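Peer 1: Fit chain to chain and form the complex, with the hints in mind.
Protein chains in written order, with the working numbering: chain A, 83 to 241; chain B, 924 to 1240.
To be clear, the hints were calculated from the coordinates, so they are not data collected in a lab.
No experiment lies behind these values; they were computed from the predicted model shown.
Incorrect hints may appear among the rest.
Stated by the list, open to error - According to the in silico footprint, chain B covers these stretches of chain A (three or more CB under 8 Å from chain B):
1) 110-118
2) 145-156
3) 177-184
4) 188-196
5) 221-227
As the list claims (entries may be wrong) - One-sided and incomplete, this derived list gives chain A residues near chain B with beta-carbon spacing under 8 Å:
6) Cys161
7) Tyr162
8) Leu166
9) Glu167
To be verified - Subject to a maximum C-alpha distance of 25 Å in a straight line, what follows is the list of computed DMTMM-like cross-link-like pairs (lysine to aspartate or glutamate):
10) Lys926/B / Asp944/B
11) Lys942/B / Asp973/B
12) Lys942/B / Glu989/B
13) Lys110/A / Asp1095/B
14) Lys110/A / Glu134/A
15) Lys926/B / Glu976/B
16) Lys110/A / Asp1214/B
17) Lys936/B / Asp1060/B
18) Lys110/A / Glu1098/B
19) Lys110/A / Glu1102/B
20) Lys953/B / Asp937/B
21) Lys942/B / Asp1060/B
Ideal placement from N, C-alpha and C gives every residue a C-beta, glycine not left out.
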Amino acid sequence: MSHPLLEVPARLYEQLIRDLAASGRGVKESGAFLLGTDDGRIRKVSSYLLYETIAPVSSSEHDYVALTAQEMAAAWDHCYRVGLEVVADVHTHPLGPAQSLSDRAHPMVSVAGHVALIVPQFAMRGPTPADLGVHVFHGDGRWTSMFGEQARAAIVVTP
Amino acid sequence: MLKRTIIHSALVKDGLVIKIDDQASTEPVKQAVLAALPQELRTPDLEVFDEAEDDVETRQFADGEELRRGQILHVGRCRQVETVIRYAGRVVQHRFVPATRIGRVRRWTIHHLHISAADANELVLQVAGTSIQPGRDQHVGSYVEAGACVATFDLVRSYTINGDVTLLQGRDALEAHLETAPYFVGEVNGRWRLRGIDWPFAMFDVFARDGRPYTLRLDCEGYPGMPTGAFWDVQHGRWLRPDQWPRAGARFGAALRTDWQGGTALYVPCDRRSIGGHEQWLQLHPAWAWDPAVGVARYLEVVWTLLNGDDYVAPAA
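Just chain B, with the same shape it has in the complex (with noise of 0.2 Å):
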């Protein structure tokens, strides 16, 4: 019976799915791995792991990883990879096998920093030298520096706010948080625009997976705190009638119900008509709580989120 393997390697930038059978051997998976890269890749000293064959030394840093043998192979020329991460001056390093998971080095990193898990929240690693930031289940062999067997990171807050912003309220704060890089990227990667600000109300087009826009009408009253609001008609100047809404399946479903607040605040988080009564959401999912600091980006990446899941479905309507 074949199984889907799944291939993480330097060579190819965004990994590679195959099919191989599962009561294979080794040397059968290896020419397996091997024939799906691109025929200029494929050199002699290239070695297959399986990222289940893990380092027992820091498997108690392991992020939420379910290893299965067979079921994510990493290839490449290293067979450990001196892995260098900087923060701030201090410098901790390591070597791991080429098929460690990166979310397994961040924890690694946190510990011998002496950071506090609470502290760490919002630390990621990024590539030295660049703006790539690997996701968790990434491999760090696949972050490897050209003909060597050494990757370098740097821990690095997403983005940081010092100062007294928080002096700033209402229209002021939300047309300085119009100008911070968490709003920006959303826009110059075309996920949202702004459409105007009729203060207190502000009126986004959000694209979901299918290119179409949703208008969003936030009331954000009491700005940088919470805003609330839901889609809008904007042709009829009127909230969007519930067969107009968007819909998701059972991830995100419950967040497009069209029957909270008569349809007039979406169930998020984020949002201060729906968080009352629902502080346990906080814990739940702490990505898409409100952060004054962050601002409408916050709202505006979760309403994203919900329209561009596999699951997004357009209205008929």
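Okay, chain A solo, but in the shape it has when bound (with noise of 0.2 Å):
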């Protein structure tokens, strides 16, 4: 699978990557929900929310990401009252993109078609789309994974 899944707008990427990057200083994972709309063709980002905005608490206590069922709930409110579905969800990794076995196991939006990127090196090295990994969730626990030229095949970052 090469074909395009999400597409940003170059703006909202770097200026994510710079968020990820200054949320985990280089010594933890940090995350956000991007959001945007479905045309069931291709995912379009228009903003994103960044776990530490929505998990302040959970942001700051763990190395790792988590979500509280409260946090994940007042991530829900936000996408109802600005209208944006989740059409994917990002955070970093210590080292590269591929998923830990949690990640697997715990797919931010269990319907089949969701994105979840993972950006290496905590997004302290200017990653470009081909440095990311993209993992499309199947349903029933299953994972499609692209890296290097297949994922930046698949985000197509627009001007």
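Peer 2: Spelled out as structure tokens, the structure:
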């Protein structure tokens, strides 16, 4: 699979990477829900919600990504108020962009087609889409992962 | 002959149990139900609904319901509850009759959001703007918003972990789990407390229904893999003698058998020396299965459940 899955404006992508790096400070993981619309063909990202914003307590207590039910509900409430869907989620890893066991076991959104991005090296090295892991959830615990050229093709960064 | 009838309502938080003549017709039943409410809550617009008069359209989503006429009633002002469920920006809604059980609403939601049953295992409904997660037998009408026939829920996972937490091993991983919500919630609610860590052993006091603490000594070698352990006699520095163990009835009694592994491992699915050869437990008791993402709180929750059932019996010794 190498067709485009996500469309992200360039400025938004750059700001997201900066915010992830700032949130993790190179020593801990950080993440965000990517919000936008899904027309069934491609998921267009128009904003994002940092975990640090909706889950300040969990984000300060853990070096990994953790969300309580209340924090997840706060994110859903935000989506409801702004009228946008979670079209993908993103989080950083200390090393590579492959999924961990907990990533595979706990999709942030358990609907088939959901996209989870993993940014390597705590997002500290200016990663381009080709550096990311693009993981597509297919339901029943199944995922497909794309890296390198496939990841670059899956994420369209628009001017 | 009198029979016990359960009343659910937004007006009475924990519900009521009343006794009604099992031959009574509709109007006397209604009067009996209204009479059971506090005086100040009785108003002429209240109606009584029998959960056995359920919505045929949603019957396929029933979650283990055994509906019997006259057994469980609902009292309220709404004949229909406009139910809104929010999930990651998606919204599904439906008008349910007020006596519809939350379990059915949840399964209806899962179906309409196209989530597979396996992926939905850890998803629960939470009343929007609160931390209330109603049990599956509660009625949707008990959660209507004040002055409206609307109930709004968020579909959430109780706790979500992503990231390379699996990189943490051994004592670091255990200490990380002691800072997570599943552990912390039990601690602040007085269910358990950490007694100490002498790696690879960790000791916790788990409190029984009568307030008595039982010290659990867990060998956490290989953590976040499964630990193993049983009750410990702190005073004498040895495993608790069989006559000092708590007892339970038919439901949980087997888990507290003192002859298993010489009383050094609990006979539960989340103990690494007990799960071997008992893999069928994972299907029978999925909620008791070890989850490395949840960690030690899972083992503690299982032990706390054993010690807090109606059939718990303190040792004579």
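Peer 1: Hints broken by the structure, by number, lowest first?
Peer 2: As far as the earlier hints go, not one is violated by this structure.
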